[in-house]
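Asker: For the sequence shown, my numbering assigns the number 7 to the initial residue and increments by one for each residue that follows.
Keep in mind that the hints are not guaranteed to be accurate.
Here are the computed distance ranges between Cβ atoms for each label pair [said to hold, decoys possible]:
#1 D77 - G47: 31 to 41 Å
#2 S120 - K80: 28 to 38 Å
#3 S22 - L52: 19 to 29 Å
#4 S120 - S35: 17 to 27 Å
#5 F34 - P92: 35 to 45 Å
#6 S120 - A79: 18 to 28 Å
#7 D77 - T105: 35 to 45 Å
#8 Q18 - I107: 35 to 45 Å
These aren't lab readings, by the way, just hints derived from the structure by calculation. Cβ atoms here follow ideal geometry from the backbone N, Cα and C, with glycine treated the same way.
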Amino acid sequence: VQLVESGGGLVQAGGSLRLSCAASGSVFSVNTMGWFRQAPGNQRGLVAVITAVGIINYAESVKGRFTISRDSAKNTVYLQMDDLKPEDTAVYYCYGARTGIDYWGQGTLVTVSS
Numbered sequence: 007v008q009l010v011e012s013g014g015g016l017v018q019a020g021g022s023l024r025l026s027c028a029a030s031g032s033v034f035s036v037n038t039m040g041w042f043r044q045a046p047g048n049q050r051g052l053v054a055v056i057t058a059v060g061i062i063n064y065a066e067s068v069k070g071r072f073t074i075s076r077d078s079a080k081n082t083v084y085l086q087m088d089d090l091k092p093e094d095t096a097v098y099y100c101y102g103a104r105t106g107i108d109y110w111g112q113g114t115l116v117t118v119s120s
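Use the sequences and the hints to build the structure in full.
Answerer: Next up, the structure:
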């Protein structure tokens, strides 16, 4: 399974960005997809994940501001990020998982200026 992200960039605080992640390969086996992020000096942490049946989990810090969605026909997961804050600045990684195996994208940088 290969995961390719797009949509990162520079935005002012209060602005919005939409990240996309397209999966290819043996995508039929991928149950959970989502997003993690890593800021400089920090560990990689959960942003949001969504299962194949639509169960969603968000990090507390993004609830009410970020929305994850999934288009199974296109094997793509999206992250709509609104009301962005400087502390959202990080490399965002697409994540996919099936039983016993995790997959990661190469990462896309999101920078939020104050």
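Asker: Out of the numbered hints, which ones does the structure contradict?
Answerer: 4, 6, 7
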